[in-house]
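From first to last, the protein sequence lines are chains A and B. To convert, note that position 76 of the first sequence is 76 in the working numbering; the numbers rise steadily by one, no gaps. To convert, note that position 90 of the second sequence is 90 in the working numbering; the numbers rise steadily by one, no gaps.
Incorrect hints may appear among the rest.
Stated by the list, open to error - Covered stretches of chain A, going by a simulated chain B footprint (3 or more residues, C-beta under 8 Å):
1. 17-24
2. 59-71
3. 86-97
4. 101-108
In case anyone wonders, no lab produced these hints; they're calculated from the structure. Quick reminder that beta carbons are idealized off the backbone N, C-alpha and C, glycines included.
Listed below are the residues making up each chain.
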Amino acid sequence: AQSVTQLGSHVSVSEGALVLLRCNYSSSVPPYLFWYVQYPNQGLQLLLKYTTGATLVKGINGFEAEFKKSETSFHLTKPSAHMSDAAEYFCAVSYGKLTFGQGTILTVHP
Amino acid sequence: GAVVSQHPSRVICKSGTSVKIECRSLDFQATTMFWYRQFPKQSLMLMATSNEGSKATYEQGVEKDKFLINHASLTLSTLTVTSAHPEDSSFYICSARQGTSSYEQYFGPGTRLTVT
């Protein structure tokens, strides 16, 4: 069965700093990969996804992620954090059903 | 496009009563809908998968007699929590998938259930 590990349950950055949220999956076959963002008491919003093709994918709000098969990773980055980026972020893999990582809460300090 | 709604957004019920949560795909036909549960400060856990017109498939450990799922049309699925207890208090989120070959799920805004 596939699993997803997000390193760091909490990440804190200063406004304007680089955001890096880590995600590793365990699977012998590359899955579809997703990053979602969740604001308090709300559902999930898709940030970006990887299915096939280019391994660097760009999403909404300036986020991007790179699929690295050799490292079984799909880390999420943003060059410059904004206060509005503060939320919880979930990495997920799919082979039909979604399996979520445990989530990373991003805090952005002024 | 691809909007999913849930109703109600918040509900408080007394222990022992039942509560129904609706999940609707507003602008597409959802052949498959998923129900997730999220405890505070935790990730989403899949409860069940429902396909229109057929019985839901429940994940291991989820009581199908307690969490009744109906997917009677291509735009509506319902989750009924029967004989609710305080431990059923949680955030319930549905998602919908268009077509059997599609991989992308569209999520509803969630329903906060509090059982007193």
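| task | Would you list, in rising numerical order, the hints stated earlier that this structure does not obey? | result | Violated hints (numbers, rising): 1 and 2; every other hint is consistent with the structure.
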